[in-house]
Each structure stands twice: as C-alpha cells, then as structure tokens.
Amino acid sequence: MNIIDEIGVLALSTRLQRLSEQLRKDGALVYKSFDIDFEPKWFPVIYTLHIKEMLSVVEIANEIGYTHPSTISLLKELEKLKIISSKKDKLDERKRLIVLTSKGKELVVKMQPVWNLIRNVLTEISDNQNNLLKAIEEAEQKLASQSFFQRASVLKG
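Residue numbers (the UniProt record's numbering): 1 to 157.
Don't read these hints as lab results, they were simulated from the structure. Here the structure is a predicted model, which means the values were calculated and not measured. Heads up, some of the hints might be wrong.
For each label pair, taking beta carbons as the anchor points, the in silico distance ranges come out as [claimed, not checked]:
1. Pro113 - Leu81: 34 to 42 Å
2. Asp37 - Lys95: 25 to 33 Å
3. Val99 - Glu124: 31 to 39 Å
4. Lys52 - Asp127: 24 to 32 Å
5. Gln141 - Arg119: 19 to 27 Å
6. Leu122 - Tyr66: 19 to 27 Å
7. Ser147 - Glu93: 29 to 37 Å
Derived lysine-lysine pairs resembling BS3-like cross-links, with alpha carbons at most 30 Å apart [said to hold, decoys possible]:
8. Lys82 - Lys95
9. Lys41 - Lys88
10. Lys95 - Lys32
11. Lys32 - Lys90
12. Lys95 - Lys52
13. Lys87 - Lys103
14. Lys32 - Lys110
15. Lys52 - Lys82
16. Lys25 - Lys76
17. Lys52 - Lys103
18. Lys41 - Lys82
19. Lys52 - Lys134
20. Lys25 - Lys88
21. Lys80 - Lys90
22. Lys88 - Lys103
23. Lys41 - Lys76
24. Lys156 - Lys25
25. Lys87 - Lys52
26. Lys110 - Lys52
27. Lys142 - Lys156
Ideal placement from N, C-alpha and C gives every residue a C-beta, glycine not left out.
Based on the sequences and whatever the hints tell you, model everything.
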C-alpha cells in the first residue's frame, strides 16, 4: 500500500484519476484487440451522436457534461479524422450542427460488440458490495446541489 492509498479521502481525486486512467488505457487495448483504431476519450461524443444523430456544439457539451472548450477540442479531433462533420444551422447561422459521417457510422457498427463486452466487464468491476456507479451518482448529486468549493467555504467560515 502506498501513501496515496493510506491517506484515504484526502486523495479521492487522485485515486479517481488513477482509476480513470487505468480504465482508459485498458479500454484502448480492448479496442486495439478488435483492430479498431479508437481513443476512449472520443466515446462520449460518438455515442451521443449515435443516439441523438444531430446536435449543436452546446447540446453535445451538455449531454456529455464537458466544458464548451473541451468539447470543441474533441470535435476538432474527430472532424480531422472525418468521423464527424458539421454544417451551419439554417435557422441560426452562428450555430454548428454536428453529425456522424458515414465513416463514423461504420465505426459505431464495428464498436457495438466491443461496447457490449466493455459493458459486461465494467459491470463486473463496479458491482461490488458498495456499488461504484451508485456511489459516483450519489457524489455527483451532492456536488450538483452544492459544489466542493461552496462546501469548503461554508466549513471555513
């Protein structure tokens, strides 16, 4: 056991980041084992567009819970790879509408069996005595009602 593991809740953010990095790294290996060139960081955008088909940049950011700049950075990457394309909204020229390209749709078809496998593995990993997904949802709900900083400010006095 290292010091980060020993200090408990004080290292919560560090441990979540460590867990996230491990899942991303292994997720990338799973995709690679299926001969799919795919970065796990692209998943939220591609999956959202697979389900919702056409969304504005702001709508995608809201759906995936990322900041506008982070979302734009991901979209630029995916557009360069021709996985998504954008067009101007006829009703609002300032708005860009994002869709999966035919290459993006083919990628989704290839990835669906992989998503089923990943879902099964993650269900097995998170289905513990203290269900990880439920715990994350509870923590997110608490933060939605009052942020970490707000809570710290109240306790600080």
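When the hints from earlier in the document are held up against this structure, which numbers fail? Structure breaks hints 1, 10, 11, 20, 24.
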